[in-house]
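Hey, can you work out the whole structure from these sequences and the hints?
Chain order of the listed sequences is S and F. Taking the numbering used here, the leading residue of the first sequence gets 772, the next gets one more, and so forth. Taking the numbering used here, the leading residue of the second sequence gets 54, the next gets one more, and so forth.
No lab work stands behind these hints: they were computed from the structure. Even for Gly, the Cβ is constructed at its ideal location relative to N, Cα and C. Check each hint, because a few of them may be wrong.
[To be verified] In silico BS3-like links for lysine-lysine, alpha-carbon gap of 27 angstroms or less: (1) Lys886(S) with Lys443(F); (2) Lys862(S) with Lys119(F); (3) Lys983(S) with Lys806(S); (4) Lys119(F) with Lys886(S); (5) Lys1011(S) with Lys862(S).
[As the list claims (entries may be wrong)] Reference listing, derived: stretches of chain F covered by chain S, where coverage requires no fewer than 3 residues with Cβ under 8 angstroms from a Cβ of chain S: (6) 138-147; (7) 326-332; (8) 420-430.
[To be verified] To be clear about the criterion: a stretch of chain F counts as covered by chain S if any three or more of its residues have a C-beta under 8 angstroms from a C-beta of chain S, and this derived list gives those stretches: (9) 268-278; (10) 398-412.
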Amino acid sequence: MHKSIQFCSSVILLAFALTLQAQTPAEKGLEIAKKIKARDLGWGDSQSDLTMTLRDRKGREVVRQMRSKTLEVDGDGDKGQTIFDTPLDVKGTAFLSFSHIEGDDDQWLYLPALKRVKRIASRNKSGPFLGSEFAFEDISSFEVEKNTYAYQRDEACGDLTCYVVEMDPIDKYSGYQRVVSWIDQEHYRVQKIDFYDRRDTHLKTLTIEGYKLYEDKFWRADKQTMVNHKNGKSTVIEVKNIRFNTGLTDADFNEKKLARAR
Amino acid sequence: MRKSWLVHGKNFFRFWFFGSVALLAAEASAELSWDGSLELEHRYFFDTDASAADAFVTDRGQTSAKLELEFFRDFNDGADTLTFEPFLRVDSQDDERSHADVRQLLWSRLADNWELSAGLGRVFWGVTESQHLVDVINQTDLVENIDGEDKLGQPMIRFQYFHDLGNFDAFVLPFFRTRTFPGVDSRLNGGFVVNNDDEVFEASEEEKHVDLALRFSQTYGNFDVGLSLFDGTSREPDLFRLFDPTTFSTTPFYPQITQLGADVQLTTGAWLLKLEAIQRDFDDVQYEDFSAATVGAEYTLVGIFGSIYDLGVLAEYSWDERDEFATGPFQNDAFVGARLALNDINSSEVLFGVIRDLDDSDSGSVFLEANTRVASSLTANIEMRYFEAKNPNDLLFALRDDSFVQVGLQYFFD
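Quick look at the structure:
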């Protein structure tokens, strides 16, 4: 009796070990990506205040302040609306984006001086977001289906242990050949990302710091620093005043109402 | 033609302006939130002006200052909003260009699926860049710039209804604003004097004719579609009807029109494909009904030549059924333009365009607009316009000596 239990558990352990071994790097990478997404499901809607500091090689700085609203969309990419407060020459400009798992995102821009809402082409995902070192695709919502994955190794990241996973964008209009992410094993939070351009040279590094837990469930970072190794410029996004369950609905993300965004 | 002080164009404005000032004085005890900008600009004309009416205009310089303010406040947890946008320009050369306006003084009640507004408002309809055929709610403030992008505040009651089927927008426009024109002592006045204060209207109610407008707009996947109907006083005056060749002056005549408009944009990949079309019917049989259209395409190239620059290339073609009798400059014209965004920390941008008359290879214009941020609240703007026309019957002919370059500094505050 006792022996048979031991035998059984050995078999189970062996089978488990075998499945682990049988898991290819692609399968393990995909599994990690699915866990990242799964742990961040159900947040509903959120609002926050953002400060984006752009620094050029000579140390000159421009600070952009903006307010952001986001809505989780079941089975597709998130919807987001950003309103700019500074620099004052762009104050009142509003940006509306519906990101999609497949195909191009939908994007509209409201230009207050002309009182005009413009639908803009969104294939420029590799282009800079507002002159920053973040590309449009870097701020788009994380969707498992957008990449292929390859688990590389485990590695220490600060006090934590991280999975290092290569994520290769499927979209041929992406500006990246490959994207290597460090994801902590405890909470599946992205800690660092290396971006490699289409020539496979190391273009940018994103460092994500100051994770805090909201609603007992969702981790959000205070600070994201993107350094461009090619041009020496950097952009820091600091997030403040993060609120969940603010009562936003689909009706709040409407291009026809973008002109009333304040 | 005696008019009561209230309905006279300029006095009408004073009524609104001082009314607004009184309103804001009443608000003064409350916390005020003002934004705005002050711009100083200087124009330099390449030629002395040769046109008959301006024989005495030989100055090549024109200096000007523009003040724009915006006050915004919401009440009742954001259910009610009040927007006030006064505007003032002082010009060294042109008394007509020295003018004030209330761009907006609008109260709005916002609900989830509707919005009601009343006051002076500003609305934009359309998708194309070289001209705006369907955009008929606001009058053009032509003294501001020859490109017609600046608009006067329009008295309106507006109701918007947001439905799953689309956005329904209805306007009652109880008072008409006449187009502003550069004065006799100014450049860019088309070579003749426009008697700004003696306008003639087809409608017996004159400026008090109540205009009506409806618009439906909706997004269908990659298509953004707008359909509009306007019935009332044409924003575009007829300047030929009351032209007096002996004095080289004209009095604007504003006919009654019914205009059906459609605007469509297809956004696909890096392409934008655009169409604006109108059918304008006149009440006066003297005018022939006509249709006109603008079609265009815009393509955006990201990171050109391995840089971080974005380049947008635009091409538009405009057609007008009236052909050479068209009252606008676009009757069989092509526009080609480029927009370069440097994506630097100063948000530097350059816009360049060429307009060519396809019936007359000697007629066309070129413009260049560039701007960059030179300090945290200061931008520098450069604008260049070049006009070419050899045929005296061409509308552009009168501007042939008015090509200019303009440099401006705009300071923003809050």
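Outcome, coverage of the segment 268-278 of chain F by chain S - at least 3 residues whose beta-carbon is closer than 8 angstroms to one in that chain = Since 3 is at least three, the answer is holds.
query = the segment 398-412 of chain F covered by chain S? Criterion: 3 or more residues, Cβ-Cβ distance below 8 angstroms.
reply = holds (count 3)
task = Below or equal to 27 angstroms on CA atoms is what counts here, so check Lys983(S) against Lys806(S).
result = Distance of about 18 angstroms is within 27 angstroms: holds.
ask   = Can the restraint linking Lys886(S) and Lys443(F) be considered satisfied, given a maximum Cα separation of 27 angstroms?
value = Judged against 27 angstroms, a Cα distance of about 37 angstroms means the pair is violated.
ask   = Is Lys1011(S) within 27 angstroms of Lys862(S), Cα to Cα?
value = 19 angstroms, holds
message = Just to make sure I understand the rule, a stretch counts as covered if three or more of its residues have a C-beta closer than 8 angstroms to a C-beta of the chain. Does the segment 138-147 of chain F meet that for chain S?
response = Violated: only 0 residues of the segment 138-147 of chain F have a Cβ under 8 angstroms from chain S.
request  = Mind taking a look at whether chain S covers the segment 326-332 of chain F? Criterion is 3 or more residues with CB to CB distance under 8 angstroms.
outcome  = violated (count 0)
request  = Check, residue by residue, whether the segment 420-430 of chain F contains three or more positions whose beta-carbon lies closer than 8 angstroms to a beta-carbon of chain S, and give the verdict.
outcome  = holds (count 3)
query = Given the hinted pair Lys862(S) and Lys119(F), is their alpha-carbon gap at most 27 angstroms?
reply = The given pair, whose Cα atoms are some 18 angstroms apart, holds under the 27 angstroms limit.
request  = Starting from Lys119(F), check that the Cα of Lys886(S) is at most 27 angstroms away, please.
outcome  = 19 angstroms, holds
The structure is inconsistent with the numbered hints 1, 6 and 7, although it conforms to all the rest.
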